[in-house]
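There are 2 protein chains.
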Amino acid sequence: MASTVKKAKKSAEALVDESEALELVDGCQNSIDALNEQASEEILKVEQKYNELRKPHYQRRNEYIKRVSNFWIVAIMNHPQISCILEQEEEDCLQYLEKLEVEEFEDIKSGYRILFYFEENPFFDNTVLTKEFKLGTNGESPSSTSTAIKWKPDHDLTKMLPKKMDSNRRKRGLENRTFFDWFTDNNDPINDDIAELIKDDLWPNPLQYYLVPDIEVEPEDDEDGEGGEEFGEEEEVDEVEDEEEKAS
Amino acid sequence: MASTVKKAKKSAEALVDESEALELVDGCQNSIDALNEQASEEILKVEQKYNELRKPHYQRRNEYIKRVSNFWIVAIMNHPQISCILEQEEEDCLQYLEKLEVEEFEDIKSGYRILFYFEENPFFDNTVLTKEFKLGTNGESPSSTSTAIKWKPDHDLTKMLPKKMDSNRRKRGLENRTFFDWFTDNNDPINDDIAELIKDDLWPNPLQYYLVPDIEVEPEDDEDGEGGEEFGEEEEVDEVEDEEEKAS
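Taken in sequence, the protein lines are chains A and B.
In terms of UniProt numbering, the first sequence opens at residue 1 and continues consecutively.
In terms of UniProt numbering, the second sequence opens at residue 1 and continues consecutively.
Keep in mind that a hint or two might mislead.
Intra- or inter-copy, both count: the list cannot distinguish identical chains.
Unchecked claim - Within a straight-line C-alpha distance of at most 25 Å, the following computed BS3-like cross-link-like pairs (lysine-lysine) qualify:
no. : residue 1 : residue 2
1   : 55        : 45
2   : 109       : 49
3   : 99        : 66
4   : 45        : 109
5   : 134       : 55
6   : 134       : 150
7   : 199       : 66
8   : 99        : 150
9   : 49        : 199
For the record, the hints were derived by calculation from the structure and aren't laboratory data.
Kindly produce the complete structure, drawing on both the sequences and the hints.
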């Protein structure tokens, strides 16, 4: 009853013609589909090419970043979303994070891994913690896996932290999960917002977060303010000299 | 207070080195940004190339589609979301829709237009109704415009319809806006879900919707079932011959 499209009785000839026309539409559709597939492949090749071209810059960047103490933990703590899962003890632990890397799989579309490289630290024995995402492009379901953390005695942060999940935490606007909760949780790999923020936001440009002023700076600590200073190409070492005087 | 990252007092030398390292990180970041821009441009070129390659197929498709009576209104009425804005009188009107086209602007990213070509009809004088979207890539705000419809006396569907927005409409699961409401409304161009469905879903493959069985088929009408039949390449004209017999 809903449809009021009037379909006139069609002549046999008209029917044959419509059927032929639909076959031809279907043929066009197949040609369009084939072109779409070609376009996707070509775009993927461009992405792969630029992934390769970016790699040496990311590698150089990692080397320079190593020279800046606490670079990654400062960048993470300044990130508006990622910082929300950081528990205080975890901040202490992540000071030992000396390198962070995101590697897309060769074909890009099938997955990626995030690698956290740690200096020797009081919390665990691992030197690399990896969280890897398979996006399930080959018919498998999406999945993620993470390195089993070899906690040192009495330093398992996943066991120490839950007792702290209290009003104090909510007051600070933090989420009810911690960094290591996130790292070890592989239950919902397709909606891993933190992994996506690391891959698509922090990793492409961590400097912008490192340089964002930390609002909760303690005034008595000279160096805390450093992250808040403008950092541009035209800037000279004057500023550093100023700090030199203060620091000495 | 929140941050427990301990920033040791740094020596003057360390400060200079960090500052240099940050300059170098910034340099890497600029190289990465430049590569990202190049990648975007290259991908856009691939998309433009395939847009051109698809065009003749879309044109041929349009010619074939013209040979199938009511193709577009049937496809639209079978579309799960677009059909929800169709008022009965509008279905009558859209029977005169003989061609639909989506044109992306040359550079793709700056906008697109949807063109509805009509046969002579009792509702309005226009032969083409166009709704055009500028996505505001050049610093302007996004906007949309639509052809002013020259309604024939007593046939302005935008004026006739509001009185029908009643429980009957809700009962049919329809939205509280009509096709011509959508067409003439340019208040929120960035969230135009119907335009996006036409551009990204209906236009790329209308045949799949044309062929979806219309659930509300009237059993006494032989031809109504046509849309529901499987339509594949391997199919021969036998089926058409069957219908020919019924129709004659």
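Results of checking the hints against the structure:
{"no.": "1", "hint": "55 / 45", "in the structure": "both (15 Å within a copy, 23 Å between copies)"}
{"no.": "2", "hint": "109 / 49", "in the structure": "both (14 Å within a copy, 22 Å between copies)"}
{"no.": "3", "hint": "99 / 66", "in the structure": "within (7 Å within a copy, 61 Å between copies)"}
{"no.": "4", "hint": "45 / 109", "in the structure": "both (11 Å within a copy, 21 Å between copies)"}
{"no.": "5", "hint": "134 / 55", "in the structure": "within (21 Å within a copy, 36 Å between copies)"}
{"no.": "6", "hint": "134 / 150", "in the structure": "within (24 Å within a copy, 55 Å between copies)"}
{"no.": "7", "hint": "199 / 66", "in the structure": "within (19 Å within a copy, 48 Å between copies)"}
{"no.": "8", "hint": "99 / 150", "in the structure": "within (19 Å within a copy, 65 Å between copies)"}
{"no.": "9", "hint": "49 / 199", "in the structure": "within (18 Å within a copy, 30 Å between copies)"}
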